[in-house]
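Given only the sequences and the hints, what does the whole structure look like? Please build it.
Protein chains in written order, with the working numbering: chain A, 1 to 290; chain B, 291 to 628.
Not one of these hints is a red herring.
Think about it this way: if two alpha-carbon atoms lie no more than 25 Å apart in a straight line, the pair counts; the simulated SDA-like pairs of lysine to any residue are:
| hint | chain 1 | residue 1 | chain 2 | residue 2 |
| --- | --- | --- | --- | --- |
| 1 | B | Lys350 | B | Ala479 |
| 2 | B | Lys617 | A | Arg84 |
| 3 | A | Lys258 | B | Leu457 |
| 4 | A | Lys258 | B | Val450 |
| 5 | A | Lys258 | B | Thr448 |
| 6 | A | Lys258 | B | Gly456 |
| 7 | A | Lys258 | B | Leu418 |
| 8 | A | Lys258 | B | Met442 |
It is worth saying that the hints were derived from the structure and are not from the lab.
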Amino acid sequence: MIPTLLVYGLVNSVILALYALGFSLTYGISGLANFAHGALYILSGFAAWNLIHHMGIPLLPAALLSVALTGMLGFVFYWVLLLRIRGIALAELVVTFSAGVAILEILTWQGFYGIRYSLPVFLRGGIEVGGVAVDYQRLLVLGTGVVLVILLWLFVHHTRIGLAFRAMAQNERTALSVGIESDWVGSLSLAMGAALAAVAALVVLPLGVMESTIGYEVLIYALAVAIVGGLESTVGMILGSFLIGFGQVAAARFIGAKWMVIVPLAAIVVVLAVRPSGILGRFKELEERV
Amino acid sequence: MPDRKGIYRKKRLDRGIKARADTIYLIASWREIFYLLLPRAFPVGFLLILPAVLHGYWQKVLVFACVYGLLALSWDLLASCGLFSLGQALFFGAGAYLAGGLNYYLHLPPLVTVPAATVGGGLLCAGLLAPVIRLRGVYFAMVTLMFPLLLMRGIETTGVLGGTHGLSALSPFPGETLTAYLAVLAFLACLFLFRRLINSDYGLVLMAIRDDDRAVMSGGINIYWRKTQALFLAGSVGAFAGALMTHHFQFLGMSAFALDYSILPVAAVALGGQGSFAGAALGSMILVPLSESLRALGGLRIALYCIILMVSIVALPEGLFHYLERKYHQFETRAEVE
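Structural data, given as structure tokens:
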């Protein structure tokens with residue numbers, strides 16, 4: 001019982017962290033709350049499905065292509081829609097949110113739901129870890145989560161673009177004065193956030209059936225994790241995802257599976273009311289949230 | 291020097307009717323009285339005639355338009371004190387469930403349940419959102435987006451108040467036309483009350499909270515208490531809309547917390563223009579009949595609202611009403627470039 005809780009809690013937490021990674025990257029760098037995150041997540045899943053089933057592309061190239069396409073969509077999205085309203089928080093929020101809902105509703109209207117739509121797993125089979133049966137796909141999720149976090153850390157600390165990202169996050173005006181263009185960084189951060197959503201989709205979606213309503217759930221989870229952990233802190237984000245992830249698995253085991261959904265919502269409301277900057281969020285506390 | 295002959299530019303001049311301020315007018319003739327009255331009296335008269343002229347389906351659409359209009363007005367009131375809500379469905383659902391519950395379990399007539407739900411819904415919403423009233427901007431929007439979803443899940447999980455099946459066979463209003471008149475009158479009353487309110491001293495404080503809350507605090511005003519009052523007002527209006535719809539449909543279900551009720555009011559305000567209430571009213575009067583005539587598209591409707599919302603924010607950020615108002619108050623002539 002306890003090992004099951006630990007293993008599945010761990011997997012669930014990493015899934016949540018994957019959901020939130022792209023969202024908090026975009027927000028942390030350019031202050032842009034991308035409410036279309038969940039829609040981009042599910043859209044990349046359907047893109048991969050279409051590539052595999054209608055164009056006959058094998059799984060791995062299709063996955064890479066769909067990540068690239070979603071990233072490009074994020075990039076275009078910035079230049080077409082967000083450029084004119086950059087800096088008006090409400091307008092950004094409404095535009096990204098409505099773009100997300102539009103994507104999700106169009107997907108539903110196209111009939112993208114049902115058992116037919118599921119992505120194939122990368123690896124079949126499974127092993128036992130400490131007496132608990134785990135399939136390889138779930139281990140792949142764990143591995144992807146760890147690898148992505150390490151890669152991202154290396155990226156933002158050791159590449160020129162990554163350093164520009166951090167500069168923009170710390171102080172936009174100073175970054176401008178040393179020649180970092182904020183629109184390029186903003187659009188690149190949105191593209192990377194979208195691509196990360198796509199990566200998450202491609203490793204997580206094979207665990208279940210694809211449905212466009214999952215998009216709303218992903219958005220809620222990404223928001224929940226980011227808010228609980230602190231929007232700008234990566235460690236806080238990982239901590240938040242573990243808190244909610246284990247909380248969910250525990251709630252499912254001890255109270256009932258239906259209550260899983262309520263955990264993140266309750267966590268958000270409690271954290272925002274009690275400690276609005278999140279568990280590890282430090283700066284921006286006074287100016288923005290309260 | 292390039293040859294500029296034959297090039298014209300638009301020359302815009304304000305009409306000479308305004309004296310000293312935007313809201314004080316200098317009236318010298320009947321023509322000017324009509325000039326000022328027409329844009330106010332015409333929509334009111336039009337809306338008052340409509341319930342008597344329309345029948346059946348389009349009368350229902352009118353009720354819908356007024357209900358969404360009320361939600362949009364309540365959104366605009368919250369926005370004018372700096373609270374951006376993405377969860378008007380919370381207000382709507384609270385009113386709907388209060389009215390429906392009172393009617394279903396206690397068999398109270400609509401004459402009692404609607405006022406009770408209006409006041410009770412306002413209190414409930416203000417109470418629920420009071421703990422998060424300190425949040426600003428995006429954060430408040432996030433929490434309000436969560437709340438209706440949370441309550442919907444709560445009702446689904448616990449099965450209270452009808453659960454997933456809802457409550458049916460609630461008592462209706464006496465007569466369709468009466469309902470339509472009730473909706474129209476409530477909508478107009480709310481519109482003009484809010485316009486009056488926002489120009490009073492009380493409204494001035496609310497707008498000051500939006501513009502610079504620190505300055506208001508340093509003026510010795512408790513901004514959280516003011517914001518809670520604004521939440522109560524907005525919540526009451528939304529709850530009234532919910533109660534009206536519940537008795538109109540004679541049915542109450544989880545759909546009272548649906549995303550439609552959150553998105554459409556915001557779309558209406560974004561289309562019509564924020565800050566004047568008339569923009570919110572105009573937006574909902576355009577958007578709802580439009581969406582009804584597009585009902586054949588089915589699920590695509592919400593996608594279409596969202597696209598309208600995006601396009602209108604990106605293309606005409608000031609909103610339709612402010613654009614029309616500017617055009618109405620200005621001469622436009624063509625003048626040759628010298």
